[in-house]
Amino acid sequence: MPQTTRHTLSNGLTVILKEVHSAPIISWWIGYRVGSRNEPTGKTGISHWVEHMMFKGTERFPAGALDREIDRAGGQWNAFTYMDYTMYFETLPADKIDIAMEAEADRMANAIFDPEETESERTVIISERQGLENQPTFWLQEEVRGAAFRVHGYHHEIIGDEADLRSMTRDDLYAHYRRHYCPANAVAVAVGAFDSADMLAKIESLYGSIESRPAPELFTRAEPSQQGERRVWVERPGKTAFYEICHRIPNAAHEDWVKLKVLDNVLSGSGGASDNKTSRLYQALVKSEIAAGVGAMIVPTIDPYLYSIIVTLREGRSPEEAEEVLLGEIARLQEGGISQEELSKARKQAKAAFAYSTESVTEQAYWLAQSFVLDKEDWFDGYLDRLTRVSADDVLDVAKRYLVPKGRVVGILQPSEPSEPEAERE
Amino acid sequence: MSSYAASIPNEGNINRVEFDNGLVLLIYENRAVESVNITASLHAGSIYEKPERSGLASLAASALLTGTQQRSFDEIHASLENIGAELSLRGHIHKLGLFGKALAEDLGPLLETASEALRYPTFPAEHVERLRGERLTWLQYSSFDTRYRASKAMRQALYPASHPYHYGTHGDEESIAGITEAELSAFHASHVGPDGMILVIVGNVDTEEALRLVRETLGDWRNPEQSEVARADFPEAPNGTERQRVFVLGKTQCDISMGALGPARGAADYLAAQIANSVLGEFGMMGRIGKSVREEQGLAYYAYSHLGGGHGPDPWIVSAGVNPDNVEKAIDSILFQIERLVSEAVSDEDLADNQSYFTGRLPLRLESNEGISSQIHAMESYKLGLNYLAEYKDMIYRISKDDALRAAQRYLDPNNMVIAVAGPAPDSSRNA
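Chains as they are written, first to last, in the working numbering: chain A, 185 to 610; chain B, 14 to 445.
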């Protein structure tokens, strides 16, 4: 595997480089250590809205100019806001990457936040939230997170609460941008067909002169320990019920995280198109015809988060039935652990999933940027080794310590009106 | 030709083999990755099913992996999941699609399982029933999905009930409930066969070894009952604007789906239509539609146009998600942009931008096994020739402003479109 190198500019910008010469392409990422985790009440959704405003232009690159330039170059670019970070990326033919690097350097310091553009984007963001609200499971997710995190910023959705989206001002957004968008709070990642020395020199020339400021103190509030199981019920029109059960798990940098990843592999499988029909939960819930589907989510985060299992119930089956089976499977895991066969399968699946997810330079750069923000860049390079070292005893141990009732949050989405939606022709 | 240009999949580096059972195999070695991808299509899509059995092809495709003469449900899936491989079968309108991937060392087992599923399915009753239940749950959930409902309403109004595109591929609750195991078996016997099958293998594999594995698993396959290939007619275009309104309980936002009959992938003016579409709703931030509806008016998070292509006649679609109060404003803005597209040629700048965009993005599309497989499959399936990608740049730069205008005029007419909207009823309070 090609070598990953790390450098720090004098203004504090961390730079991670990895040469990959299989195709004449470079992926360029800038990640900022700020996300919905760092938003106080009244400003929820501000990180995501600022991300939108970063596409509204600078004096050098007015709104729309980069859309055109990057498409003309045959590239792709986008951005996304997560709980822990905000990422911007461009992937371009190698001989066209300069435009992306210049653009990101420029908007790290010079985004305009035009008041009219801010108001126009307010309705776009509210429309984005309303689109999410059209999915019944969004309401369940929002309630479950709200119940799981009373104090910590993980308690609200990344899109933010509508009340805040309506009340935040242009100055709020600009202050958030000025506070968090600086070299010392950012990481730059390049993966692709370049010479590292040349690339580093180019980065130094474009980013080295950006004003040096100390990394901001990020707004965070520690979640107090949970004192017992929490439950939420959501009713939405529809025909399909969902059951979700979450347990508190440690952050990505914690040694137990990868053990829980193996645990998840045994319970729900490795994800992907195959639907993991040999996993314990599929066998217990879907083969028994209680559920039409079951999935789980374990995501790496800066602070302790949740391991979540979501069951899509078949018509006529109840959340209570799903819960009984699920708790039975958790008890079986805590009593009997996992077999060597299951462990071998988890390792092979992880190796394959890792190979699939790193075939493009864009994906590799994403993983490096995310790894650095969550822990350090070798979180990604060392991932498979750490996972391979997990033993069956490790899995049994984390099953006993983390899948406990005291740290449990349960959410149930019950369809409230079974009537058929009406249609008409005008 | 630069070294990269030489490595673009072309007739010199794609190994194409025609088997005597009608299977066409295409192999492309990609040494930059650790995995292998298989992409295949067979003439067994929903075009072969009766309207009252809508969803039969799709259900049959999924049921191929529920049991074979050689292996049980659990054995099939253990053989895949134990090696981290993925294999899925899906029913599209014209074709049954197969997609699989594995670590390169596991191409053999992947092909073996794929072959068994295609050749020797048993459609075990227990598993078919479960699959039916899962499909019904999905349909019930989708009936409350505004984007799905708008798209379905548009399609049903654009294509007459006699046309296979009217029905989509998933069926409805009534048709899925009525499909028997015997019908699944009969559909398989009549339509799933090697004649006309295309199989593309891309990855870190040796061509001779891949060829040997395909010979062993599929080379002796015969299906004398396999039916003739079916085609879809080009239906009458809408006469006037046809509006569809679907009310869905408990929704906050409306989804808009506007459609017209678009060109087939193999049509002579397909690329010119693609350029016109990109100007309309793709290039930059979703083209002229995105600029007007999202950027300038702030009406929607998404608003774009899309040209399906395919074996045709797929729809030319405009989609948008907007607040109920803004539906008419958004539709008017979109129709204005369509009117503009069909009444005046795009600018020199628009044409140059899009030519550069179409040709420049090729390296990104060819970066992964999946991307390469998809392109090679398209070249074979739509009879574009295996040098299509190598000649693509020249083809794009031969398109003129008038070509794009003529293509837009041929397929789009703002006064003769289907406009479907799904969302809350006008007088319903939010978050009902």
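In short, the hints are calculated from the structure, not lab data.
Quick caveat, the model's predicted, so the values are computed rather than measured.
Any given hint could turn out to be false.
[Unchecked claim] For lysine-lysine, the following DSS-like pairs were computed, each having C-alpha atoms within a straight-line distance of at most 30 Å:
{"hint": "1", "chain 1": "A", "residue 1": "Lys240", "chain 2": "A", "residue 2": "Lys386"}
{"hint": "2", "chain 1": "A", "residue 1": "Lys584", "chain 2": "A", "residue 2": "Lys471"}
{"hint": "3", "chain 1": "B", "residue 1": "Lys342", "chain 2": "B", "residue 2": "Lys304"}
{"hint": "4", "chain 1": "A", "residue 1": "Lys535", "chain 2": "A", "residue 2": "Lys560"}
{"hint": "5", "chain 1": "A", "residue 1": "Lys560", "chain 2": "A", "residue 2": "Lys532"}
{"hint": "6", "chain 1": "B", "residue 1": "Lys414", "chain 2": "A", "residue 2": "Lys280"}
{"hint": "7", "chain 1": "A", "residue 1": "Lys280", "chain 2": "A", "residue 2": "Lys240"}
{"hint": "8", "chain 1": "B", "residue 1": "Lys304", "chain 2": "A", "residue 2": "Lys280"}
{"hint": "9", "chain 1": "A", "residue 1": "Lys560", "chain 2": "A", "residue 2": "Lys461"}
{"hint": "10", "chain 1": "B", "residue 1": "Lys406", "chain 2": "A", "residue 2": "Lys280"}
{"hint": "11", "chain 1": "B", "residue 1": "Lys414", "chain 2": "B", "residue 2": "Lys396"}
{"hint": "12", "chain 1": "A", "residue 1": "Lys584", "chain 2": "A", "residue 2": "Lys560"}
{"hint": "13", "chain 1": "B", "residue 1": "Lys63", "chain 2": "B", "residue 2": "Lys304"}
{"hint": "14", "chain 1": "A", "residue 1": "Lys240", "chain 2": "B", "residue 2": "Lys63"}
{"hint": "15", "chain 1": "A", "residue 1": "Lys240", "chain 2": "B", "residue 2": "Lys304"}
[Said to hold, decoys possible] Covered stretches of chain B, as calculated for chain A (at least 3 residues, CB under 8 Å):
{"hint": "16", "region": "66-72"}
{"hint": "17", "region": "111-119"}
{"hint": "18", "region": "296-307"}
{"hint": "19", "region": "346-360"}
[Unchecked claim] Quick look at which bits of chain B chain A covers, simulated, 3 or more residues with Cβ under 8 Å:
{"hint": "20", "region": "379-389"}
{"hint": "21", "region": "413-422"}
Positions of the beta carbon are idealized from the N, C-alpha and C atoms, including for glycine.
Comparing the hints with the structure gives:
1. A/Lys240 <-> A/Lys386: 25 Å, holds
2. A/Lys584 <-> A/Lys471: 26 Å, holds
3. B/Lys342 <-> B/Lys304: 14 Å, holds
4. A/Lys535 <-> A/Lys560: Roughly 21 Å separates the two Cα atoms, so the pair holds.
5. A/Lys560 <-> A/Lys532: Satisfied, since the Cα-Cα distance of roughly 25 Å is no more than 30 Å.
6. B/Lys414 <-> A/Lys280: 26 Å, holds
7. A/Lys280 <-> A/Lys240: 22 Å, holds
8. B/Lys304 <-> A/Lys280: 25 Å, holds
9. A/Lys560 <-> A/Lys461: 34 Å, violated
10. B/Lys406 <-> A/Lys280: With Cα atoms ~18 Å apart, lysine 406 of chain B and lysine 280 of chain A stay inside 30 Å; holds.
11. B/Lys414 <-> B/Lys396: Holds, at about 26 Å.
12. A/Lys584 <-> A/Lys560: 28 Å, holds
13. B/Lys63 <-> B/Lys304: Outside the cut-off at roughly 43 Å; violated.
14. A/Lys240 <-> B/Lys63: Distance of about 51 Å is beyond 30 Å: violated.
15. A/Lys240 <-> B/Lys304: Distance of about 12 Å is within 30 Å: holds.
16. 66-72: violated (count 0)
17. 111-119: Held - the region 111-119 of chain B has 4 residues with a Cβ nearer than 8 Å to chain A, which meets the minimum of three.
18. 296-307: holds (count 5)
19. 346-360: As far as the region 346-360 of chain B goes, the hint is violated, because 0 residues have Cβ atoms under 8 Å from chain A.
20. 379-389: Since three or more residues must qualify, the claim that chain A covers the region 379-389 of chain B holds, with 4 doing so at under 8 Å.
21. 413-422: As far as the region 413-422 of chain B goes, the hint is violated, because 0 residues have Cβ atoms under 8 Å from chain A.
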